[in-house]
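Q: Residue strings, one per chain:
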Amino acid sequence: MIQALVAVSRRDLLLAIRQRGDVANCLLFFVIVVTMVPLGVGPEKETLRAIAPGVIWVAALLSAILSLGRMFALDYADGTLEQILLSGQPLSLAVLGKIAAHWLVTGAPITALSFLLAAMFDMAAEPSATLAASLLLGTPSLSLIGAVGAALTLGLRGAGVLVTLLVLPLYVPVLVFGAGAVDASAAGLSPAAHLMLLGGMSLGAAALAPWAIAAALRISVE
Amino acid sequence: MNGPASPGSVLLEAIDLQCERGHRRLFEALSFRVQASQCMHIVGDNGAGKTSLLRILCGLLQPTAGEVRWSGRQIRQARDEYGADLVYVGHLNGVKDDLTAAENLRAWAAIAGLGVGGETIGQALELLAIDRFAHWRAAQLSQGQKRRIALARLTLAPAARVWILDEPFTALDWRGVEILNRLIERHIGKGGAVVLTTHQAWQPPVSVTRLQLGSEAAVAVPPG
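Those protein sequence lines, which keep their order, are chains A and B.
So for the first sequence, this note's numbering puts the first residue at 4; every next one is plus one.
So for the second sequence, this note's numbering puts the first residue at 480; every next one is plus one.
Hints in this document: simulated from the structure, not taken from any laboratory.
Be a bit skeptical, because a hint or two may be false.
If we take Cβ atoms under 8 Å as the criterion, some of the chain B residues that face chain A in the derived model are [claimed, not checked]:
| hint | residue |
| --- | --- |
| 1 | Leu539 |
| 2 | Thr543 |
| 3 | Trp587 |
| 4 | Ala591 |
| 5 | Leu606 |
| 6 | Ala608 |
| 7 | Leu635 |
Per the computed footprint, the stretches of chain A lying under chain B, defined by three or more beta-carbons under 8 Å from a beta-carbon of chain B, are [as the list claims (entries may be wrong)]:
| hint | region |
| --- | --- |
| 8 | 14-22 |
| 9 | 82-93 |
Chain B stretches covered by chain A per the calculated footprint, using a threshold of three residues with CB under 8 Å from any CB of chain A [claimed, not checked]:
| hint | region |
| --- | --- |
| 10 | 520-526 |
| 11 | 569-582 |
Backbone N, C-alpha and C fix where the C-beta goes; we use that ideal spot for every residue, glycine too.
Next up, chain B with everything else stripped away, as it sits in the complex:
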């Protein structure tokens, strides 16, 4: 298993990424690194390719050129190990309507091979302030509550160092936003890395590196 990352170690590296979707070239020659304790905020207009970039980083989408490396290895060749080190929360919640909140988390953890017990699930739901709804079917929950179930996964895999979050604040109320900010802060503090996009006026709890998509040269601009 992967131990805590030493500060400065490169967790993810994008090399010369090019992405074409529907005959449009979204970005090309995009290279950057994500290190331990780094939070990268990907910004750009709608359609600039933010979601595509995140999916390429996860390995769900193949870039038309270039590669992504995780801990020095190509993710294509280290899929399962990378998957164990990664938690992805995308646009879709990945929540089954016919299962309760607790059942959803238990199923996800079991499928991921994480040996979590009922108590850990309970704690995860408590952290996201949806423990009251643990035994409600997801179909009966609001969008924001379903989003919280998806985000609760972040607390179930403490060994996963890389978080890739696509618009994680969608549908969250201000309390949910606070909870997620605290989670991100704690994760960064423990040496993890977060790559996220968010349209909302987000006040980051940590210093972020901004990556602008859609401009001529996509370059990582350090904050400040």
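Just chain A, same shape as in the assembly:
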């Protein structure tokens, strides 16, 4: 059964490599948003350090939303999704496999890039590390919750706007605790509480989302 999960992930990762351009789109968007802000806001270091966590987190959020359009829509359009539904393997595991691949291609690179981008905002070492940790713990939530939205709006007209409306309110807690963790770290306080909440949200989402997504996919495929 785990093999089916791994099989789905491998296929999706292979596709991501073959469709590099589309995948790079979301990362490029993230980098562009984050790079543009210092240019627009001015080089005042205090300001930059203050807004950095929020800006980077919001950019991560928007980039995640941008990537949701590709999550199930392509498989739905060419019939591979219904084959996955009929594969005889538990759908929630296949869904987890897809989300894992999605995170490896969106959340993980964003976390990795965050060090570089934090330097652009003149963030100190500790807040930078906290930023990376918050992204590491929080981006899985973005993929999981986003997947629920993507599954619910599959095949609908205007799905893009609908997904954003559905998913953004659920993203807000992740944003608040993510940016809050870095703010706490920058103020010299311990970000542990924030990080634990982020981790908890991701674990909770990992436990609940696959069932919701499987149910939503079955409805959307009808």
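Given chain A's structure and the hints, the job is docking chain B onto it.
A: What follows is chain B alone, placed relative to chain A:
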């Protein structure tokens, strides 16, 4: 795992199926059985509900009334086991354009939990006469070739007793049609069941039961 079906055993049973799509009632009170070694050909005009019926049989579409049973169990409650006993080839090929023919089959088999090796994939492609294109990206293949990749799945799951095929002959040339006919004949011979629709003037390689949709009373009419 399911062993070969004993002749006469009922693999699929449709009970009182009713389907409404877009405010139209396509069929109602539709009941029939599909047994081992039976080939059922569903006929009807465009829009009569053939594709909907096949999707209901697969479990991809919920009927507005009635149920489908597989080996006596409701398919809603035995999804995964039914899925392992079923191969569905629908209108969409289920083929990824960015993967090669071989990669497509390997991915499908791995996702289905079938432990098939590269050699088996090669044999499947050979059976469908597309082994020459094993390492071509599907995007570079013709519609007929992509259809053959989809149909190659039928040979990768020998334990699956139920084949549900929606217009499987679409885009196939005469050789492809022959290959598929042979596959169907062999499957029926081994005790499997096939439920299919096809518009084309199909000369079945086995005796078929015809199910007419769109008439007042949809009744299974035995051949001859």
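Q: Hint by hint, which ones does the structure fall short of?
A: Numbers 2, 5, 6, 7, 10 - these are the hints that the structure violates, sorted from lowest upward.
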